[in-house]
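Asker: Each chain is listed here by its residues.
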Amino acid sequence: MSYLEYTVKSTPTGLRKVFYMNWALTVLLISVAGVGFLMLYSVAGGSFSPWAEPQMKRFALGLAVMMFVAMVPIWFWRNMAVVAYLISIILLISVEFFGIVGMGAQRWIDIGFMRLQPSELMKITLVMLLAAYYDWLPGNKTSRPFWVLVPVVMILFPTFLVLRQPDLGTSILLMTAGGGLMFLAGVHWAYFAAVIAAGVGLVTAVFQSRGTDWQLLQNYQYRRIDTFLDPSSDPLGAGYHITQSKIALGSGGWTGRGFMQGTQSRLNFLPEKHTDFIFTTLAEEFGFVGGFSLLGLYSLIILFCIVTALATKDRFSSLVTLGISINFFLFFAVNMSMVMGLAPVVGVPLPMVSYGGSAMLVLMVAFGLVQSAHIHRPRLGS
Amino acid sequence: MKRPPRDVEGTHRKLSRRALLLGGMQAAFIGGLAMRMRYMQVDQADQFRLLAEENRVNIRLIPPTRGEVFDRNGAILGQNIPLYRIIIVREDAGDVDKVISDLSKLVALDPEEVERARAEMRRSPPFLPVTLAERVTWDDISKVAVNAPALPGITPEVGLTRVYPQGPDFAHVLGYVGPVSDYDLSQIEDPEPVLRIPRFQIGKVGVEAKRERQLRGKAGAKRVEVNATGRVMRELDRREGQQGADLQLSVDAELQEYVQARLGDESASAVVIDCETGDLRAISSAPTFDPNLFVRGISVADYRALTEDKYRPLANKTVQGTYPPGSTFKMITALAALEAGIVGPDDTVYCRGYLEVSSRRFHCWKRGGHGHVDLLNSLKRSCDVYYYDVALKVGIDRISEMARKFGLGVRHDLPMSAVASGLAPNRDWKSRVHGQDWLVGDTANASIGQGYMLASPLQLAVMTARLATGRSVSPRLVKSINGVEQTSGAGETIDVNENNLRKLRRAMFSVSNDRRGTAYGSRIIEDAFRLAGKTGTSQVRNITAAERAAGVIRNADLPWERRDHALFVCFAPYDNPKYAVSVVVEHGGGGSKAAAPVARDIMLQALFGGTPPLEAYPRKDRGRIEAQQERMKRERRPRARTDGKDRA
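These protein sequences, in sequence, are chains U and R. For the first sequence, the numbering used here puts the final residue at 382, and the numbers step up evenly by one. For the second sequence, the numbering used here puts the final residue at 648, and the numbers step up evenly by one.
No lab work stands behind these hints, which were simulated from the structure alone. Take these hints with a grain of salt, some might be off.
What the hints assert, rightly or not - Here are the in silico distance ranges between beta carbons for each label pair:
1. A145(R) <-> S94(U): 54 to 60 Å
2. D302(R) <-> G45(U): 52 to 58 Å
3. V203(U) <-> E120(R): 46 to 52 Å
4. K14(R) <-> T255(U): 18 to 24 Å
5. P149(R) <-> I90(U): 36 to 42 Å
6. Q261(U) <-> E192(R): 47 to 53 Å
7. Q261(U) <-> R196(R): 47 to 53 Å
8. Q242(R) <-> G45(U): 43 to 49 Å
As the list claims (entries may be wrong) - Simulated crosslink set (DSSO-like; lysine-lysine; CA at most 27 Å straight-line):
9. K310(R) <-> K405(R)
10. K313(U) <-> K14(R)
11. K405(R) <-> K366(R)
12. K57(U) <-> K17(U)
13. K143(R) <-> K141(U)
14. K479(R) <-> K430(R)
Beta carbons are placed, not taken as given, at the ideal position from N, Cα and C, and that holds for glycine.
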């Protein structure tokens, strides 16, 4: 059922839409952001500057943006998908030329009032484009090779651009989220099996060839992979972050050292304590109870997204909502795996908590889309 | 754009199925994360908490304050004084070059030191303080303090260093401290961590070195929280260390100062021992040096001047120097003979100027001989032949044993560096060390304190004190530690016949009070303080027969290092011995001329507890003595004396 079919009259209009928002989701988002403010206040040594205050302002802005996006009918966003995608691509290309180098990689573009990270924007616009594509594509064509190739190109082109920055974390996230969306859209599982098999085969080949005549990579590249996969082999270099992060996290215990009592982050043992590694501060100060609660909040957000997606009969709405939930899931899953030493260190922030404007703003836009899908869901009858 | 409803229904069902599948995978992953979190934070929490503590907490040592050293009256000998330093912190200074050049306009900076500081700054993290100038005067420090706003990153700092207010007087007794060297560390098994603190001072020589353990105290520790770069954020707790123990020496600083001045520039040494307690009232070796130079770090030129001086100012001659005791040994030979019952006090020996021993002539110092001499005369006039004669009858072993009883040839345990044990030889020793038989000639030489016989000035003083009291007085240098009195050196009664000792004391009395005694010129007139002593002149060369035939060359005509050593030992008052004194003047010539007057002056100073009245001196010497006293008063350096009594 497409949005053209249901009675537009039955959808709420004007300011009344506010009452039809998914308020539970909104409250969850505010809670998670609140945890972020608390932690940023703590890592600054009990001060709103330099992180907590700007973060709160941005969140306020983000809430406004989310409302605005939510008010706009979802079918408008569907029509905008291609344009949004193209804008993101253009921005990604422009970072190549005008980007600001931050953290050793070129990721930012200055758009006057704030610095924008086009790769963040890309995550959402890619989801929108794929959702729109599968909404448009008749169901029986979904698994045909040509119609599979088109979204693959849609995914790989921005992935390639992001990889060039270089930002391995985001490019993996883009690919995974894109693949996830294709899976949801109903692409035949054999394609995924083939890709997975090919990936496994390639990795095996690369590792098997090591030390033989047909070695596929240079030795220094292998060494880089080694430290990437096992940071503890280089405890003062790449492994330093992860070791310190584990120490801080593990020393939290059941209930933690108490708010503002964390020693590791305050004493700067923790790298990037206010951004990618903020979860360790939470885990150190509030222990397992605190860490598990945040994980619970995140799970509820995912759950609400899935419920919203399944409740709507509109295909675009479902796909966009699920795609956004996949992205959101990937954010915190990768970040937490990283700080717990389960995954290599790739620069992925903790969603809604880590200090950083554009990631949060983009997430708020994304949840605006989810809200819009919820408000403008097809209503039968009347 | 209508689609068949069945198709829509189908795709929607497929979407729901796959969404639930994906949701299930996500839930599984979230469960995995929760498990991992639980494992780290609950199961492994202790381990990680330990690691976190190690990360966070650093232990810093608090160096203990070194114990101070006082003389018996509480005058301070070794003191800790504040040491002013100028330090710079790179990150606070900003433009280091500008700050240093501004500072050098106020305070004279050593370019070498500044260069070293710059090098240190390049190596160390920016927040660590680096010393720019050390041993800065209070004036300079106040200049820096006043101009603090114009000198960012510069702070005056105060530490402690050792100072010896008595300077050279106690150089040999106290020794000195210096920073721990790599060599020092290699000498100590399992060195305390405090020794690794840069510029930590430990005793290098003398009491400072030998009582290092008591003086050093125990280091305290503080636990500080540091951040990842090692900067101290705050102090968590501290365990105070234990301050080093204060030592009180038996030495009387005023007497020591007098003795040092009296010895002057001679290569000489003197020991004043308390006959009752064994307390060393003065123990001086001359020439001396300023130990403060070593604390500050002595220059190569100064050090070379000290090591190349033929008078050996660095050597502590009172305990390290061993000399043939010469005639001062005769009391021991006589006592051995009396105790053996071989010779009576009234038995006489005829001295014709020499004694033939196994076809070799052993000469008396008096060519014409002394004629018939008994014990008293032999000692008074220091006849050598008498002692050759009795020694041959007694034998070396009994003489050697007697010497040991009186503290010769045995090591006295004093907290000073390189305390020598001297030598009281016997048959066994010669065959053991030289692999030769003991000859009668050796006994003859030993009987007058020549040959193999060696004694340090300390041992001679101990010997005299034992002769005076009949008790085995042992020297004591440390009177009390932290106010706890140390065992006295009074000693047990020596098992020799008191009558024999009395005879010897009487003979020693006549040495310095009988008109024909060798030390008559250095007598004390004051009846209550009569002096009993013995002169000694020990040869450092053999006098050949040819030389003797041509007439023995006078000492004054010989080069310094071949002249005789002059010795004198004495005790006073004669009837109630209070102090025993030994004086050795290296290559000083005759004992009666070079050593006895010095010993007498020291004895009087000790007995009167200050400058003695001229009436104590023989009438004809008074004019000369008065001039000498005047001169010494003039030359004595004025010193700042700090009374250490107010310290616990």
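Asker: A separate judgement is required for each hint: does it hold in the structure or not?
Answerer: How the hints compare with the structure:
no.: 1; hint: A145(R) <-> S94(U): 54 to 60 Å; in the structure: holds, 58 Å
no.: 2; hint: D302(R) <-> G45(U): 52 to 58 Å; in the structure: holds, 54 Å
no.: 3; hint: V203(U) <-> E120(R): 46 to 52 Å; in the structure: holds, 50 Å
no.: 4; hint: K14(R) <-> T255(U): 18 to 24 Å; in the structure: violated, 45 Å
no.: 5; hint: P149(R) <-> I90(U): 36 to 42 Å; in the structure: violated, 55 Å
no.: 6; hint: Q261(U) <-> E192(R): 47 to 53 Å; in the structure: violated, 35 Å
no.: 7; hint: Q261(U) <-> R196(R): 47 to 53 Å; in the structure: violated, 34 Å
no.: 8; hint: Q242(R) <-> G45(U): 43 to 49 Å; in the structure: violated, 37 Å
no.: 9; hint: K310(R) <-> K405(R); in the structure: violated, 34 Å
no.: 10; hint: K313(U) <-> K14(R); in the structure: holds, 13 Å
no.: 11; hint: K405(R) <-> K366(R); in the structure: violated, 30 Å
no.: 12; hint: K57(U) <-> K17(U); in the structure: holds, 25 Å
no.: 13; hint: K143(R) <-> K141(U); in the structure: violated, 89 Å
no.: 14; hint: K479(R) <-> K430(R); in the structure: violated, 38 Å
When the structure is compared with the earlier hints, violations turn up for hints 4, 5, 6, 7, 8, 9, 11, 13 and 14 and for no others.
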